[in-house]
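Keeping their order, the protein sequence lines are chains E and Y. FYI, the numbering used here numbers position 17 of the first sequence as 17, with every residue one higher than the one before it. FYI, the numbering used here numbers position 103 of the second sequence as 103, with every residue one higher than the one before it.
Read the hints as simulated data drawn from the structure, not as lab findings. Glycine residues also receive a C-beta, built at the ideal position from the N, C-alpha and C atoms. Take the hints with a grain of salt, since some may be wrong.
[Stated by the list, open to error] Beta-carbon label-pair distances, calculated as ranges:
| # | chain 1 | residue 1 | chain 2 | residue 2 | range |
| --- | --- | --- | --- | --- | --- |
| 1 | E | Glu45 | Y | Ser141 | 53 to 63 Å |
| 2 | E | Leu39 | Y | Gly21 | 11 to 21 Å |
| 3 | Y | Glu92 | E | Glu45 | 49 to 59 Å |
| 4 | E | Phe101 | Y | Trp13 | 48 to 58 Å |
| 5 | Y | Met29 | E | Pro148 | 28 to 38 Å |
| 6 | E | Lys143 | Y | Ile39 | 28 to 38 Å |
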Amino acid sequence: MSWLAGRLEDVVRRLEKQNQFSWLIPNGCCGHEIKNARLATYDWERLGVFKASHPEQANLLIVSGWVNSAVAEEIKVTYDRMIKPVCVIAIGSCAITGSPFDTFDPKRPPVTVSSLIPVDVYVPGCPPRPEAILRAILELQSKLNPGPSHREVLHEALRD
Amino acid sequence: MSVVKRPSQKSKWYIPGVLTGLGITIRHMFFNLLHRKDIFTIEYPEERYPYSDRFKGNHILTVKKDGSLRCTACMLCATYCPAECISITAAEHDDPNVEKYPISYEIDILRCVFCGLCEEACPVDAIRMGPEHQTAALAGSRFVYDINKLAYRPNLKGGVLSHVDDEERKARGL
Numbered sequence: 001m002s003w004l005a006g007r008l009e010d011v012v013r014r015l016e017k018q019n020q021f022s023w024l025i026p027n028g029c030c031g032h033e034i035k036n037a038r039l040a041t042y043d044w045e046r047l048g049v050f051k052a053s054h055p056e057q058a059n060l061l062i063v064s065g066w067v068n069s070a071v072a073e074e075i076k077v078t079y080d081r082m083i084k085p086v087c088v089i090a091i092g093s094c095a096i097t098g099s100p101f102d103t104f105d106p107k108r109p110p111v112t113v114s115s116l117i118p119v120d121v122y123v124p125g126c127p128p129r130p131e132a133i134l135r136a137i138l139e140l141q142s143k144l145n146p147g148p149s150h151r152e153v154l155h156e157a158l159r160d
Numbered sequence: 001m002s003v004v005k006r007p008s009q010k011s012k013w014y015i016p017g018v019l020t021g022l023g024i025t026i027r028h029m030f031f032n033l034l035h036r037k038d039i040f041t042i043e044y045p046e047e048r049y050p051y052s053d054r055f056k057g058n059h060i061l062t063v064k065k066d067g068s069l070r071c072t073a074c075m076l077c078a079t080y081c082p083a084e085c086i087s088i089t090a091a092e093h094d095d096p097n098v099e100k101y102p103i104s105y106e107i108d109i110l111r112c113v114f115c116g117l118c119e120e121a122c123p124v125d126a127i128r129m130g131p132e133h134q135t136a137a138l139a140g141s142r143f144v145y146d147i148n149k150l151a152y153r154p155n156l157k158g159g160v161l162s163h164v165d166d167e168e169r170k171a172r173g174l
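Next comes chain Y alone, as it looks inside the complex (with noise of 0.2 Å):
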């Protein structure tokens, strides 16, 4: 009877492996300790990642210098949504220069996809996709968002500002 060596035989002395892996794991914190400001994990309540500019975030719908909302209702970004996410109601303004508004512009940011679409449709700057990335929300909260939340948020403290303004508009026809 003739036994065959097989070469796995040799790796029964796995101290060695043990002992290279261990040292690799070791020479890792001592690096982490001397090297604190190299560790690239970010702390994630305490630090943030700084987003750019064009990050499609929460949306945030943009006020006029009055204050009221530069939206017109025109429904061009709820025909557009590939997700329906968006309910417009809109109603005849006081104003005769102002054709109409919405009084209820709602959000389910559940069925929202955050693709953008909303923004490049609308003619006016009405809706941004804004820096704050997604929030999450325990089951029971409210999650269509409204015009309070979408442009009177407190970290927006009171709205932004469009580009569009009413009387360029008048002063080139449109």
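Bound-form chain E, shown alone (with noise of 0.2 Å):
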């Protein structure tokens, strides 16, 4: 029964690394780009990045826009709610270095989403293009699953 129970661990943690259960944080311009990369234009349920209802149900953060003081409770609130381990995507400029509103003064340095949680992968770009955020998503699934994903392996067997 331990043997069952072992096995079916396996399982899961094999579908929760090839399925990410997305939430999304979509500030700014860039959220536009994120919706377009999951409607139907470049649809990335094709990727298996899935739409969860709840932060308590996803394991992957995306996180676009300027971080202001609410922005950034709400960033380490859902953080601290999510299952672990949770991979972070950060979009824009704003997200990652906060530039196009910096104000270039020392003393008041911009919030980045990397301030306040670990970030998995940066997509540069003021905003990027959808094709970015794809890459993005399959960076992280390749970080997760070292090796030729499923969808190389069907490639090079339909190849041939």
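Two chains, each in its own frame: build the complex with the hints.
Dropping the structure here:
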């Protein structure tokens, strides 16, 4: 029985790595690009990213937009409530370095996502194209599952 | 006691509504099965959207005919940059005809807002916004692009030739 439970846990762990349940904090103009990547034109469900209806069901946090004090609180609370380990994707210059709204005042440095929570993938751009967001998801999946992905294996097989 | 019959009570006959909704879904499914070419989803890693030549993507530093950098290290792009992401270190060139050249040209790609003002400011067509879209990378990889990455990355095949030629400029008295 314990063997079966171990097998089941392995399967669950593998599925957790292959499929991400995403929770979005899509602020700013990068939010529109995230929605573009999510909806029919670029459809990221093909890559195994699904929509979670609550942060407690999600293990992929996608943050974009300028981090003010309210958004910083939201990011921290959301991160604490998510399934660990959490993968975080920071999208756009605002979220990563705060550069478009930077005052260049050393006394008041901009608040960034990486100063609040650990970030796995950075997507530069202002805003980045949907392809860049999908590339970030592919990079994340290649980090979680090293080696050729199912998609590459399938295409290798179809090419021959 | 009078019972008021509200119109919402009719809506408990939800089955026709559900079947109508499912019918739309199933109709779309069969339509998409039969008309594969009408699906407008772009299957990203395999097929790419063709962007126009004006697309402002990752930067390219152009080169002269002998393969060295076109940039004259005049610092106009670094001054004009609204995000202050360009940092240039200039040095004197051995050739007396060339005033100075950059020994390091670095763009912090995380700070860059891809506005294209560096391209507009450049007087000698040394920097261009390339056709590639922005590149996502894992945390810990190098996001400050140096000369090697900006001018001589593999997909540029040895560098992009600049429109501005030194001899032409000299003939015009520039």
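Hint check:
1. In this structure the supplied range 53 to 63 Å is violated for E/Glu45 paired with Y/Ser141, their Cβ-Cβ distance being about 27 Å.
2. Between E/Leu39 and Y/Gly21 the Cβ separation comes to about 19 Å, which falls inside the hinted range of 11 to 21 Å.
3. For the hinted restraint 49 to 59 Å between Y/Glu92 and E/Glu45, the CB-CB distance of approximately 57 Å keeps it satisfied.
4. The supplied range of 48 to 58 Å is met by E/Phe101 and Y/Trp13, whose beta-carbon atoms lie about 54 Å from each other.
5. For Y/Met29 and E/Pro148, the Cβ-Cβ distance of about 31 Å falls inside the hinted range of 28 to 38 Å, so the restraint holds.
6. For the pair E/Lys143 and Y/Ile39, the beta carbons lie near 30 Å from each other, so the given range of 28 to 38 Å is met.
The structure fails to meet hint 1 from the earlier list, while all remaining hints are met.
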